[in-house]
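Undergrad: Each chain is listed here by its residues.
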Amino acid sequence: MSTIKDKLYRELELKIATSVEGISFDPRIFRNLDITGKYQEEVHCVFEYDHEHHVGIHFPAGFLSPHGLTFPIKWDRRSQYSFILENDVYYLTYKGVVIFPIEFLDRPEYYAEKTSDGTPMNTLAVYTRNGAILTAYSNECAFREKGRDCKFCNINATKQAYGEAEGIGWKYPHQIGETVAAAYRLDGARHFTLTGGFVAERREVEYYLDVADSIREHTGLDDFNGTAVIGAPHDLSVIEKYKEAGFRTIATNIEIWDKHLFRAICPGKAIESGGWGHWVKTLEHEVAVFGRGKVRSNIVAGIEPKESTLEGVEYLASKGVLCLVTSWNPNPGSAFEGHRAPEPEWHIDLFRKVAGIFRRNGYTWDELYDCSPTPESPINDIYRIEEETLPVFNRQVQPLAAV
Amino acid sequence: MVEFAERPKYYRERTFDGTPMNTIAIYNQDGAIQTAYSNECALNEKGRDCKFCNLNATRNAYSEAEGIGWKYPHHIGETVAAAYKLDGARHFTLTGGYVAERREVEYYLVVADAIREHTGLDDFNGTAVIGAPLDLSIIEKYKEAGFRTIATNIEIWDKNIFRAICPGKELESGGWDHWIKTLDHEVEVFGKGRVRSNIVAGLEPKVSTLEGIEYLTSKGGVLSGVTSWNANPGSALEGHRTPEPVWHVDLFKKVVAILRRNGYTYDQLYDCAPIPVSSIHDIYRIEDESLPVFHEQASEAQAV
Chain H
1 MSTIKDKLYR ELELKIATSV EGISFDPRIF RNLDITGKYQ EEVHCVFEYD
51 HEHHVGIHFP AGFLSPHGLT FPIKWDRRSQ YSFILENDVY YLTYKGVVIF
101 PIEFLDRPEY YAEKTSDGTP MNTLAVYTRN GAILTAYSNE CAFREKGRDC
151 KFCNINATKQ AYGEAEGIGW KYPHQIGETV AAAYRLDGAR HFTLTGGFVA
201 ERREVEYYLD VADSIREHTG LDDFNGTAVI GAPHDLSVIE KYKEAGFRTI
251 ATNIEIWDKH LFRAICPGKA IESGGWGHWV KTLEHEVAVF GRGKVRSNIV
301 AGIEPKESTL EGVEYLASKG VLCLVTSWNP NPGSAFEGHR APEPEWHIDL
351 FRKVAGIFRR NGYTWDELYD CSPTPESPIN DIYRIEEETL PVFNRQVQPL
401 AAV
Chain G
1 MVEFAERPKY YRERTFDGTP MNTIAIYNQD GAIQTAYSNE CALNEKGRDC
51 KFCNLNATRN AYSEAEGIGW KYPHHIGETV AAAYKLDGAR HFTLTGGYVA
101 ERREVEYYLV VADAIREHTG LDDFNGTAVI GAPLDLSIIE KYKEAGFRTI
151 ATNIEIWDKN IFRAICPGKE LESGGWDHWI KTLDHEVEVF GKGRVRSNIV
201 AGLEPKVSTL EGIEYLTSKG GVLSGVTSWN ANPGSALEGH RTPEPVWHVD
251 LFKKVVAILR RNGYTYDQLY DCAPIPVSSI HDIYRIEDES LPVFHEQASE
301 AQAV
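Protein chains in written order, with the numbering used here: chain H, 1 to 403; chain G, 1 to 304.
Chain H on its own, in the form it takes in the complex (with noise of 0.2 Å):
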């Protein structure tokens, strides 16, 4: 008889895959379904993750596995995994046959507030689940003007398409500030991260520490567990602005670990900010200034071969990094689209020998919980498998009737 252990490896397998793979379904699936109301809605905050557009038509953010994983979803009617509805129960199969029944995730309660001027609190930021929330505060990145987006970055392909339609652009500092205070209240939000495209001139210093002193105000705490998401700035010393402002952590995502494939790839990092030696060096002096553990860098897993990611990831976690990877997800606009992802095997591999280094190195799950913009990624699910903290394992949730 399988453990549940084996059976939450089993879900995060699906998870993974899922998440490379897509999910099939014809958005009628939803029409009765209280998204909006009951359940979250998928807000297009940064990136586009399914993989064609459907601006007008609300999905859900996300869904949970038997046995309380949260799974993203990534729309994909070439999907072999796809939602069937029966009996007002939805489900997931796989070519057809049914694997198991799913919830989708309920609303936050901030997502129904809107600020002082009138800005829904959904479009500011997104609720990543248990307790993390994420603002980007724009939906676009200043790179494109000069045709060095980074090549995996649909972001302002992102915009174009849903911007207005979702009412989402630039985010002012107490628009923020109001958001976090009000999550962190209703919802017991814990955990804050602020990232965006890059802005031209670089002036997201004083936007940060603009936002840090809002958010200061509003929820009362000195430190609200932030997470600024940084470009690798030209000058070192601004570094310590960042934590004097009240951010717990950074994270200076260097993307491709290859030096080739990085300058290929994100020709706006190697050119605009110093190339990859510079972004090295600035996550080595963002450890030097943060402390170990509290710096995050992250890798788009799929584009180089895995080798060069792990050594990446392994370089990184020796320096006090923790890098994370997440799956590439060649969406639409990017320059990548209609390239593909490796296989979910790749994945679910990388994301075992990602977990084994980060424990290796004894990084834990706090860390990790601090650094991460979700934290509902496999690495965390790992985290949380080995250490049996899942609510499942305190037998706090009942698992959904498996067929």
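Hints are computed from structural coordinates only; laboratory data are not their basis. Hints are not guaranteed to be accurate.
To be verified - Just so you have them, the derived chain G footprint on chain H, three or more residues with Cβ under 8 Å:
| # | segment |
| --- | --- |
| 1 | 294-306 |
| 2 | 332-341 |
What the hints assert, rightly or not - With a straight-line cut-off of 30 Å between C-alpha atoms, the simulated DSSO-like cross-links for lysine-lysine are:
| # | chain 1 | residue 1 | chain 2 | residue 2 |
| --- | --- | --- | --- | --- |
| 3 | G | Lys-192 | G | Lys-143 |
| 4 | G | Lys-46 | H | Lys-353 |
| 5 | G | Lys-46 | H | Lys-146 |
| 6 | G | Lys-181 | H | Lys-259 |
| 7 | H | Lys-259 | G | Lys-159 |
| 8 | H | Lys-146 | G | Lys-159 |
| 9 | H | Lys-146 | G | Lys-219 |
| 10 | H | Lys-281 | H | Lys-259 |
| 11 | H | Lys-38 | H | Lys-7 |
| 12 | G | Lys-143 | G | Lys-85 |
| 13 | G | Lys-9 | G | Lys-85 |
| 14 | G | Lys-254 | G | Lys-181 |
| 15 | H | Lys-281 | G | Lys-46 |
| 16 | G | Lys-159 | H | Lys-281 |
| 17 | H | Lys-353 | H | Lys-319 |
| 18 | G | Lys-192 | G | Lys-159 |
| 19 | G | Lys-181 | H | Lys-146 |
| 20 | G | Lys-253 | G | Lys-192 |
| 21 | H | Lys-319 | G | Lys-46 |
| 22 | G | Lys-181 | G | Lys-253 |
| 23 | H | Lys-146 | G | Lys-253 |
| 24 | H | Lys-243 | H | Lys-259 |
| 25 | G | Lys-159 | G | Lys-219 |
| 26 | G | Lys-46 | H | Lys-259 |
| 27 | G | Lys-181 | G | Lys-192 |
| 28 | G | Lys-181 | G | Lys-143 |
| 29 | H | Lys-281 | H | Lys-241 |
| 30 | H | Lys-281 | H | Lys-319 |
| 31 | G | Lys-219 | G | Lys-141 |
| 32 | H | Lys-241 | H | Lys-7 |
Only a predicted model underlies this, so the values are computations on that prediction, with no experimental measurement involved. For every residue, glycine included, the Cβ atom is placed at its ideal position computed from N, Cα and C.
Fit chain G to the given chain H structure using the hints.
TA: Just chain G now, with coordinates in the frame of chain H:
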């Protein structure tokens, strides 16, 4: 309904020393044969083999089972002659992995001699596939030896992706710029439309690949084609996936349009390419209505 490709007659023959000819040269259909003189690549020893390539892994898996190893010039000469005589073959490609110390020049010349001896042909319509030599003056030797065309496969057009994906070609063959210079020189020696280069399609954005095709064909006189990246077992990119079929379909159509706009003929394509039944060839023959099915339709129409 499908019909599998027929076996060529020379496949049942053996060389005078008893080596099966089907292990010496592969029949690529429509009169084209190809020999990989070496089914391993010396770049692997330094970890510098191309990331998409599984030549060495294939050798490890199959060479003993299928009796495939190093080919001697006389093997090749006899096999090409047999294929030309028995199956009407009319194009030969000589290729293979990198040889240590880049000794392939002498080898290719001796092979050419053996082919000329056994076929009786001065011009056997051969393509020499070579890595970019550090000394460009040796290109002339391949022409003197009797090869009609030459090929030097750039594999990737984006310089930085080239460096990452083909570290051996970058570090041990002069770098990306030298590969372009080599192709330019080859055109000077062999002529426009008698030089081929290939890009493995799907490892870089399509716009980059097309930029390369456009540059090489229009400015360089190089017949540049694409082959769909096949993320195969044993390569460093095993587990990765090539782009969606529609991506490739679109690419092939655009590549052919570039070739035709720059005036490359089917005969030039045939003489350069290892396989005359590629998607690029198919589009040419569809547009030119030269596939056998067009003649059958015409005959049926006449009969009616």
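Undergrad: Give a verdict on every hint.
TA: Here is what the structure says about each hint:
Under a criterion of three residues with beta carbons nearer than 8 Å to beta carbons of chain G, the stated coverage of the segment 294-306 of chain H is upheld, 4 such residues being counted. Look at the segment 332-341 of chain H against chain G: 6 of its residues bring a Cβ nearer than 8 Å to a Cβ of that chain, three or more, so the hint holds. For the suggested pair Lys-192 (chain G) and Lys-143 (chain G), the alpha carbons sit about 14 Å apart, so the restraint of at most 30 Å is met. Between Lys-46 (chain G) and Lys-353 (chain H) the CA atoms are separated by roughly 25 Å; this keeps the pair inside 30 Å, and the hint holds.
At roughly 38 Å between alpha-carbon atoms, Lys-46 (chain G) and Lys-146 (chain H) are farther apart than 30 Å, so this suggested pair is violated. At roughly 25 Å between alpha-carbon atoms, Lys-181 (chain G) and Lys-259 (chain H) fall within 30 Å of each other, so this suggested pair holds. Proposed proximity of Lys-259 (chain H) and Lys-159 (chain G) is supported: the alpha carbons are some 12 Å apart, at most 30 Å. A threshold of 30 Å between alpha carbons decides the hint, and for Lys-146 (chain H) with Lys-159 (chain G) the separation of about 19 Å falls inside it, so the pair holds.
Of the pairs offered as hints, the one joining Lys-146 (chain H) and Lys-219 (chain G) holds, with about 26 Å between alpha carbons and a cut-off of 30 Å not exceeded. Only pairs whose Cα atoms come within 30 Å are accepted, and Lys-281 (chain H) paired with Lys-259 (chain H) is accepted, the gap being roughly 14 Å. Taken as a hint, the Lys-38 (chain H) and Lys-7 (chain H) pair is honoured in the structure, with Cα atoms around 28 Å apart against an allowance of 30 Å. As the CA atoms of Lys-143 (chain G) and Lys-85 (chain G) are separated by approximately 24 Å, the hinted pair is consistent with the 30 Å bound.
As the CA atoms of Lys-9 (chain G) and Lys-85 (chain G) are separated by approximately 10 Å, the hinted pair is consistent with the 30 Å bound. Between Lys-254 (chain G) and Lys-181 (chain G), the direct Cα distance comes to roughly 25 Å. Compliance with the 30 Å bound is thereby established for this hinted pair. Distance restraint check for Lys-281 (chain H) and Lys-46 (chain G): the Cα-Cα separation of roughly 28 Å lies within the 30 Å cut-off, and the hinted pair is therefore satisfied. For the suggested pair Lys-159 (chain G) and Lys-281 (chain H), the alpha carbons sit about 25 Å apart, so the restraint of at most 30 Å is met.
As the CA atoms of Lys-353 (chain H) and Lys-319 (chain H) are separated by approximately 18 Å, the hinted pair is consistent with the 30 Å bound. Restraint check for Lys-192 (chain G) and Lys-159 (chain G): satisfied, since their Cα atoms lie roughly 24 Å apart, inside the 30 Å limit. With a C-alpha separation of about 29 Å, the suggested pairing of Lys-181 (chain G) with Lys-146 (chain H) holds against the 30 Å cut-off. The hinted pair formed by Lys-253 (chain G) and Lys-192 (chain G) meets the criterion: a straight-line CA distance of about 22 Å does not exceed 30 Å.
About 28 Å separates the Cα atoms of Lys-319 (chain H) and Lys-46 (chain G), which keeps this hinted pair within 30 Å; it holds. The suggested pairing of Lys-181 (chain G) with Lys-253 (chain G) holds, with an alpha-carbon distance near 27 Å, which does not exceed 30 Å. Pair hint Lys-146 (chain H) plus Lys-253 (chain G) holds up; C-alpha atoms about 29 Å apart against a cutoff of 30 Å. For the hint pairing Lys-243 (chain H) with Lys-259 (chain H), the CA-to-CA distance comes to about 29 Å; that is within 30 Å, so the pair holds.
Restraint check for Lys-159 (chain G) and Lys-219 (chain G): satisfied, since their Cα atoms lie roughly 18 Å apart, inside the 30 Å limit. For the proposed pair Lys-46 (chain G) and Lys-259 (chain H), the alpha carbon gap of about 19 Å is at most 30 Å, so the pair holds. For the given pair, Lys-181 (chain G) sits about 15 Å from Lys-192 (chain G) by alpha-carbon distance, which is consistent with the 30 Å threshold. Distance check on the hinted pair: Lys-181 (chain G) and Lys-143 (chain G) sit about 18 Å apart at the alpha-carbon level, within 30 Å; holds.
Note on Lys-281 (chain H) and Lys-241 (chain H): the hinted pairing holds, with a Cα-Cα distance of about 17 Å set against a maximum of 30 Å. In summary, the hint linking Lys-281 (chain H) to Lys-319 (chain H) is supported, as the alpha carbons are separated by about 11 Å, within the 30 Å threshold. The suggested pairing of Lys-219 (chain G) with Lys-141 (chain G) holds, with an alpha-carbon distance near 24 Å, which does not exceed 30 Å. With a C-alpha separation of about 45 Å, the suggested pair Lys-241 (chain H) and Lys-7 (chain H) falls outside the 30 Å cut-off, and the hint is violated.
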